[in-house]
Structure formats: C-alpha cells, structure tokens
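Q: Sequence lines, in order, name chains F and S. Once you know that position 73 of the first sequence is 73 in our numbering, the rest is easy, because the numbers rise by one and skip nothing. Once you know that position 111 of the second sequence is 111 in our numbering, the rest is easy, because the numbers rise by one and skip nothing.
It cannot be assumed that every hint is accurate.
Straight-line distance between alpha carbons at most 25 Å, and here's what the computed SDA-like set of lysine to any residue pairs gives [to be verified]: (1) 116(F) to 95(S); (2) 50(S) to 65(S); (3) 67(S) to 77(S); (4) 153(S) to 35(F); (5) 51(S) to 50(F); (6) 49(F) to 153(S); (7) 141(F) to 50(S).
Calculated directly from the structure, the hints in this document are not laboratory data.
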Amino acid sequence: MKKFLFNKVWIRILQIFLGILFIYSGILKILNLFEFSLTVAKYGILPEKLINLFSTLLPFFELISGFFLLSGFFIQGASLIISFMLSIFTIAIIFVISKGASFECGCFEIFGKEPKTGIFLVIRNFFLLAFSLNVFFYGIKNKDCL
Amino acid sequence: MRSRPYQKNDNVRILKVFSSIIFKMKKILFEIFIISFISLLIGFSYAFFKKIDLFPESTEVYLFSKKYPEIRLLNTGEVLKIYKRENVLIIDARDRISYSQGHIKGAINIPYDEFELYPEFFLDLFKNDKQLIIYCEGGYCEQSFIVAERLLKMGFKNVHVYIDGYPEWEKKGLPHEKVPF
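The following block holds chain S by itself, in its conformation from the complex:
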C-alpha cells in the first residue's frame, strides 16, 4: 500500500492540531486553577472565622470534643486515678464477644446497639450518684459516645468517656480480665 505523498501544508495542519491541544489544556488548567483558588479561599476563610483548628495536636480528641461538647473525655492516667473508687461504674460499650475476650477489670458490658434499642433494660445498673466511665476500642470508635450521649439525654450527669479505649489499657498492663462467652 502506497502512502500519500508528503504535502507542504501537512506541517501546518499538524501545527494547528498541536496548538489547539495546547490551547485546550491551558484553558482547562486555568479553569482548575480558578475553581481551586476560590474553593481554598472560601475554605480557609471559613476555618478562620469558625476557629477550626486545621492541625490539632490530637485529631481524635479534637473531633470528639467538638462533636460531643457535653461529654468529658478522660485519658488513661485520669481513669487510673479514679477507677478504683466505689462510686465509679465502668461501662464497656463494645459487643459481647469483644467484652468476653478482654475488658477492664470490674467493667460491665452494655453493647451500644442493644442500649440504643432497649435503654430501659439497663437502667437498673445505674444510679445517678455514680460516676460513669464508658469506653470502647479507642481510636475513632464512637460506640462509647453513643452510649454516653444517650445517658446524658436520660438525665445522668456524671458521664465520661475513656478516649484511649481498651487496647491502650491492655497495652499498659493495667488490670483486665476475660470471661467465657
């Protein structure tokens, strides 16, 4: 098969196509730049006026304390100081299997999903004068907050969440136990 002989204006045509591609790319990049600039400008302004900490020391503590401002957060040291007192009730908000595999010594198990559905079943366990400390898996686990928020709505006042959760407690070799499931 013989190819078409080279013509003088082929170069011009290639150059035209090439410049049109460059022009389109430049146009798209310009649009992306404008949209990104406006988004960043409004985003940073919003963060500034709403006083949002974009680089908090502990993202986990910052976000939970912003989402649940009425719940007091405790770290391992703070829980350790008070957990042996008589007027403290430790609540494990995880499921029954996780609880049976290991929990803080003396903690009772109130799975968050069961508590959400049937809070009245667990009411006998609490007394208003007791300090309630709720925990789950730590990290971004929200189960303890769900239980704590419900307890606050039910009128309990001394509600705290142990933010580090069970893994940290166990890692530090603090009193824990297992029960057969």
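For reference, chain F alone in the conformation it holds in the complex:
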C-alpha cells in the first residue's frame, strides 16, 4: 500500500487530476464571481464585510495552486494550500448540513450541474483532501521533488 501511495506515476496522476480540477474550479468561479459571492454569503460563516474580499481572491488561489501542481513546480506548497482550502470547504459544508440547510455548494459543476451541500460533498472532499495530502507527503519524503 505504502509503495503504491508513494509511487512516482501515481503521484503524477494525482498532480494532474488535482491541478486540472482546481484550475477548472477557479476559472468557473472567476467567470461567475458575483454568483459565487452570493453562495459564500449563504453559508453564513464569514462576516458581512469580508464576503466580497474572500470570494474575489479565493478563485485565484485555486487557479494558481492548480497551475503549480500541474506544472510540477512548488508542489508541496501548492498541495498544502489545496489541502487547507479543502479542509475549510469541508468544515463549511458540515456547518451548513448541521443547520439543516441545503443549497448549491459553489464548488464546481459536474456534467453541467452544481451539486448541493450534503454528505456526498463531504465524502468527495475527504477523498480530494487525502489525494492532496498524499502529494504533499510524497514531497516531504523525496528529495528529488522540485
């Protein structure tokens, strides 16, 4: 198992997968910035004054981290930022589920439809988080990592 998780090909597949996913997610959010800001507001976590600032800058963090992960440069920093973002998203979704609310998550569309906040999203995020941490720890273990 350990051999498989720290296999160079597997890590490269994860880098490409996460990189494309976050670039796609970032671009979608930038194209629909006000819609994304409204979704962030619906979560009801951030103070009113910070909603616009947060929702304007977050897509660029996704885009740039995704780009670095895909390019193979700074993969530890990029995977750590992605892990941090995924943890925050997961906590936010759990918070919404605990309130009994459900609305479009503001993450990214799958087959033209944006999923709603729910347990499916939490499970999906846990998998993505595991993948990005896998990439991060590979970087810690290997000296040849850029």
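Go by the hints and put chain S onto chain F.
A: Using the frame of chain F, we list chain S on its own:
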C-alpha cells in the same frame, strides 16, 4: 534492556536531521509565500480592473444588483411609499406555509418553484400596466429574484424586488396578515 552507549557522532546525526527538517519547512513556507503572493497580486489586479468593490457598504445590495442588473431594488421606505397605490401588485415568492404564517397585507402568493415550472398558471394575475413588487425572506434569499427575472423575460417591465423582505416589514410593524394554511 540496555540502551546503546552514547556515541560521539549521535549529536551530529541529530543536528543533521534537525537541519533537514528546518530546511524542508523553510522551503514549504517559501513556496506558500510565492503562490500566495502571485494569487493576491492577480486577484487584486483583477478586482481593480473589473472595478469590483471589495468592501461594499451593503454586500447584499451590491451582489444582487451586480448579478441582476436589470432588476430595480427597493428598500422598506420605498415600498411603503408606493404599496397602497392601486396599480401596484405585491408578490410573495416564498412557499405556501411561510405565506400562511404571515405576509404583507394584500400580497398574493406565487411560490418561486411553482412559478418556475408553470409560469402560465399565474399569468392571469398580472397586467402589464401594474407595478410588480416581489419579496421573500430578505437577506440572501434569491426566490424573489428568480420570479422577477422570469417576469422580465416574459416581457413585463415594471418589475421590482423588495430587498429587505418580509422579516423586516414585520419587524417594523407595517401592515401584515396571516391566512390559515
């Protein structure tokens, strides 16, 4: 069990491991700094060139007016001024239960989800010369905008959204009523 006797080069080995950890941490922090710097630089530049107000006075009004630029937003004072006129139709876009628990006096109920599916069922209620004011729960409730956007697409022109919504109306003690569900 006897431990291995202390050897002189143990210190060197510990120091090597320690310095390697420090080096890795420094490297990761440097990477995070570079990625964050680039993201912030592009993000702020984008906001500047697109003229995005990062700290608007009212985030709610700002975002809705940007997302639905064709819909005119009204606050409580503005609605109060016009709502008693004959040519005004007030529409409650919330579900039937919320409507029955309390609504603006004289408002009719057009649940947004039903209106989205069967807009033709409600067409008899509107006349093009009437001023339409639509509301829902206020805050970031989007139901009234969904109805308003559909009405605009159907060719109605006097479409407005009461942004503060029913809770604010009720809080201010303005005319409201309940109907049994």
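Q: If a hint holds in the structure, say so; if it doesn't, say that too.
A: Going down the list of hints, with the structure as the test:
Distance check on the hinted pair: residue 116(F) and residue 95(S) sit about 20 Å apart at the alpha-carbon level, within 25 Å; holds. Our distance criterion of 25 Å between C-alpha atoms is met by residue 50(S) and residue 65(S), whose separation comes to about 15 Å. For the suggested pair residue 67(S) and residue 77(S), the alpha carbons sit about 23 Å apart, so the restraint of at most 25 Å is met. The hinted pair formed by residue 153(S) and residue 35(F) meets the criterion: a straight-line CA distance of about 19 Å does not exceed 25 Å.
Restraint check for residue 51(S) and residue 50(F): the C-alpha separation of about 17 Å stays at or below 25 Å, so the hint holds. Annotation: proposed proximity of residue 49(F) to residue 153(S) is violated, straight-line Cα distance about 33 Å (limit 25 Å). Distance check on the hinted pair: residue 141(F) and residue 50(S) sit about 43 Å apart at the alpha-carbon level, beyond 25 Å; violated.
Violated hints, in rising order: 6 and 7; the structure is consistent with all others.
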